[in-house]
Every structure is written in structure tokens, then in C-alpha cells.
Amino acid sequence: AQSVTQLDSQVPVFEEAPVELRCNYSSSVSVYLFWYVQYPNQGLQLLLKYLSGSTLVKGINGFEAEFNKSQTSFHLRKPSVHISDTAEYFCAVSDLGSARQLTFGSGTQLTVLP
Amino acid sequence: KAGVTQTPRYLIKTRGQQVTLSCSPISGHRSVSWYQQTPGQGLQFLFEYFSETQRNKGNFPGRFSGRQFSNSRSEMNVSTLELGDSALYLCASSPGGGPTGELFFGEGSRLTVL
Numbered sequence: 001a002q003s004v005t006q007l008d009s010q011v012p013v014f015e016e017a018p019v020e021l022r023c024n025y026s027s028s029v030s031v032y033l034f035w036y037v038q039y040p041n042q043g044l045q046l047l048l049k050y051l052s053g054s055t056l057v058k059g060i061n062g063f064e065a066e067f068n069k070s071q072t073s074f075h076l077r078k079p080s081v082h083i084s085d086t087a088e089y090f091c092a093v094s095d096l097g098s099a100r101q102l103t104f105g106s107g108t109q110l111t112v113l114p
Numbered sequence: 001k002a003g004v005t006q007t008p009r010y011l012i013k014t015r016g017q018q019v020t021l022s023c024s025p026i027s028g029h030r031s032v033s034w035y036q037q038t039p040g041q042g043l044q045f046l047f048e049y050f051s052e053t054q055r056n057k058g059n060f061p062g063r064f065s066g067r068q069f070s071n072s073r074s075e076m077n078v079s080t081l082e083l084g085d086s087a088l089y090l091c092a093s094s095p096g097g098g099p100t101g102e103l104f105f106g107e108g109s110r111l112t113v114l
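Residue numbers (the numbering used here), protein chains in the order written: chain A, 1 to 114; chain B, 1 to 114.
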């Protein structure tokens, strides 16, 4: 079984500032890692994913994340945020045999302030 | 290409009733997964269907059931509704072939149980 911990439930940041949303996971097997974003009253949209290969993953909207196996982390970063990035962000994992059965973290509400 | 369509978007039921939610996946996608999202428990996996067969199941009571039709459309049913079943129910589809793990989510069906 896996678990995901998102260390910050709320992250306020000023527009054009950098941001990092933290995610740690626990698993006894190899995993796939994902970040999804949810805008109000909408479903989830995939930002980026790590399946294998390069540990630095680039996604949509200028986001990137780095897989750190030794620290079991998959932190999400963006060098300069916009008001439109205000949303809830979810980190998720799945094991290699059940790629569509995701275990989600509790979410981080990112609020970008003008 | 049309996205994942969920109906109804909103519904109100009373305790003891049952409800059926519908999900039409992206054309060509053969896997449909269902997730429950609540403020207290977050996002939790309910089940996944692939080619009309349940492939994975989460830790929910037997009151929660689902099925998938030959055209890949899926329904989930909750019987004997309880107050705690109030949630946003999200459907996600994927091609279902290789383990890419990317899920495409609908906007959800928001169920309120009174």
C-alpha cells in the first residue's frame, strides 16, 4: 500500500514569485508519481507525471517536479506564478501494476496574491 | 475530441434512497475509474472497469457498485444512502492499454444526501 503526504495545506504567494509545493510518499514497491490540479467546480487535470527516466519532469503551464528516490519526494515547482495558477494541487502515486488506481495526497491550496 | 462527461452534475437525495451516476469516457478509452472526493477523506479510489470487467476495487462497502457497458460508458450505484455519502464523485477515463497512468477526469457529480 502507498501513502502520500502533502506537507502544506495552504500556500499563499505573491504574483511572479516562485513557489514549491511539497509531496512525500511512502511505498514498498516502485511507483509512478503525478501532480494534478483542480480549479473550482471542475475535475482534475494532469500537470505532469514521472514514470521512469529523467528525475526532472516538466509539465504544462510552466510547472516542473523532481523525483528524489532517496528522500521519497516529488516536489512541484514554478519559477514565477500567475493569478490564474490559483487552484488546489494534488500529488498522487500508483504502483506499477495498478496504474489507474491512484492514491492521492490531501491537497495543497495555492493562492496567488496580486 | 469530447472530454469525459458525467451526469447528472448535481443531485439531492435523502437517506435510504439509492442513486445512479453516469460517465461517458473519451472516445476510444476503454478504462473508467471512479473516485469519491470529500473534505474530510479527500480523494479516494472506488473502482476501475476495463472492457466491462472490474479490474480494481477500493475499500468501500458493498453499497457502492458499478458496471461498464460494451460502449465503455460506466455507471456507479450507491444504495441505501447515508449522510456520509455526500461527496463529489469523479469519473476518469484512460486508454487502458499501457501503464501510462494518465487519467482524464470529468467535472464530477455532486451528491448531497439529506
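Possibly wrong hints are sitting among the right ones.
[Stated by the list, open to error] Here are a few chain A residues that sit away from chain B, every Cβ distance over 10 Å (derived from the structure):
hint, residue
1, 8
2, 11
3, 15
4, 45
5, 56
6, 64
7, 68
8, 86
9, 102
10, 107
11, 113
[To be verified] Selected chain B positions facing chain A (Cβ under 7 Å, derived; list incomplete):
hint, residue
12, 40
13, 41
14, 60
15, 90
16, 102
17, 106
18, 108
19, 111
[As the list claims (entries may be wrong)] DEER-style ranges, computed between Cβ atoms:
hint, chain 1, residue 1, chain 2, residue 2, range
20, B, 102, A, 29, 40 to 48 Å
21, A, 39, B, 83, 37 to 45 Å
22, B, 18, A, 10, 45 to 53 Å
23, B, 18, A, 83, 24 to 32 Å
24, A, 45, B, 39, 16 to 24 Å
25, A, 45, B, 20, 35 to 43 Å
26, A, 12, B, 16, 22 to 30 Å
27, A, 71, B, 114, 23 to 31 Å
28, B, 39, A, 1, 31 to 39 Å
29, A, 29, B, 61, 44 to 52 Å
30, A, 58, B, 5, 45 to 53 Å
31, B, 27, A, 68, 35 to 43 Å
32, A, 55, B, 61, 34 to 42 Å
Calculated directly from the structure, the hints in this document are not laboratory data. Think of the CB as a built atom: it goes at the ideal place given N, C-alpha and C, for glycine as much as any other residue.
We went through each hint and held it up to the structure:
1. Distance to chain B confirms residue 8(A) as a non-interface residue, since its nearest Cβ pair spans about 15 Å, more than 10 Å.
2. Every Cβ of chain B is farther than 10 Å from the Cβ of residue 11(A); the closest lies at roughly 17 Å, confirming the non-interface assignment.
3. Every Cβ of chain B is farther than 10 Å from the Cβ of residue 15(A); the closest lies at roughly 27 Å, confirming the non-interface assignment.
4. Listed as outside the interface, residue 45(A) is inconsistent with that label: its C-beta sits roughly 7 Å from the nearest C-beta of chain B, within the 10 Å cut-off.
5. Residue placement check: residue 56(A) keeps its beta carbon more than 10 Å from all beta carbons of chain B (closest about 18 Å).
6. Separation of residue 64(A) from chain B is adequate, the least Cβ-Cβ distance of about 17 Å exceeding the 10 Å criterion.
7. No beta-carbon of chain B is positioned within 10 Å of the beta-carbon of residue 68(A); the least distance is around 19 Å.
8. Non-interface status of residue 86(A) relative to chain B is upheld: no Cβ of that chain comes within 10 Å, the nearest being about 18 Å off.
9. Not every C-beta of chain B lies more than 10 Å from that of residue 102(A), the closest at about 6 Å, which undercuts listing it as non-interface.
10. Non-interface status of residue 107(A) relative to chain B is broken: a Cβ of that chain comes within 10 Å, the nearest being about 7 Å off.
11. With 10 Å as the threshold on Cβ separation, the claim that residue 113(A) sits away from chain B holds: the shortest Cβ distance comes to roughly 24 Å.
12. Interface hint status for residue 40(B): violated, as the beta-carbon distance to the closest one in chain A is roughly 10 Å, over 7 Å.
13. Interface hint status for residue 41(B): violated, as the beta-carbon distance to the closest one in chain A is roughly 9 Å, over 7 Å.
14. At its closest, the beta carbon of residue 60(B) sits 13 Å from a beta carbon of chain A; the interface hint therefore is violated under the 7 Å criterion.
15. The beta carbon of residue 90(B) comes within 6 Å of a beta carbon in chain A, closer than 7 Å, and the hint placing it at the interface holds.
16. The criterion of a C-beta within 7 Å of any C-beta in chain A is met by residue 102(B), whose closest approach is roughly 5 Å, and the hint holds.
17. Using the Cβ-Cβ criterion of 7 Å, the hint placing residue 106(B) at the interface with chain A is satisfied: the shortest such distance is roughly 5 Å.
18. Taken as an interface hint, residue 108(B) checks out: its beta carbon lies about 6 Å from the nearest beta carbon of chain A, inside 7 Å.
19. The interface hint given for residue 111(B) is violated, since its Cβ lies 15 Å from the closest Cβ of chain A, which is over the 7 Å cut-off.
20. Residue 102(B) and residue 29(A) have their C-beta atoms about 20 Å apart, which leaves the hinted 40 to 48 Å range violated.
21. At about 27 Å, the CB distance of residue 39(A) to residue 83(B) disagrees with the hint of 37 to 45 Å.
22. Between residue 18(B) and residue 10(A) the beta carbons are some 37 Å apart, a value that contradicts the proposed interval 45 to 53 Å.
23. Range check, residue 18(B) to residue 83(A): about 42 Å between beta-carbon atoms, so the 24 to 32 Å window is missed.
24. For the pair residue 45(A) and residue 39(B), the beta carbons lie near 20 Å from each other, so the given range of 16 to 24 Å is met.
25. Taking the beta carbon of each, residue 45(A) and residue 20(B) are about 26 Å apart, not inside 35 to 43 Å as hinted.
26. At roughly 43 Å, the beta-carbon separation of residue 12(A) and residue 16(B) lies outside the given 22 to 30 Å, and the hint is violated.
27. In this structure the hint that residue 71(A) and residue 114(B) lie 23 to 31 Å apart at CB is violated, the actual value being about 46 Å.
28. At roughly 23 Å, the beta-carbon separation of residue 39(B) and residue 1(A) lies outside the given 31 to 39 Å, and the hint is violated.
29. Taking the beta carbon of each, residue 29(A) and residue 61(B) are about 27 Å apart, not inside 44 to 52 Å as hinted.
30. A hinted range of 45 to 53 Å is violated for the C-beta pair residue 58(A) and residue 5(B), which are about 30 Å apart.
31. The hint said 35 to 43 Å for the Cβ distance between residue 27(B) and residue 68(A), and at roughly 38 Å that hint holds.
32. Checked against the hint of 34 to 42 Å, the C-beta distance between residue 55(A) and residue 61(B) comes to roughly 40 Å, which is consistent with it.
The structure fails hints 4, 9, 10, 12, 13, 14, 19, 20, 21, 22, 23, 25, 26, 27, 28, 29 and 30 (numbered hints given earlier, in ascending order).
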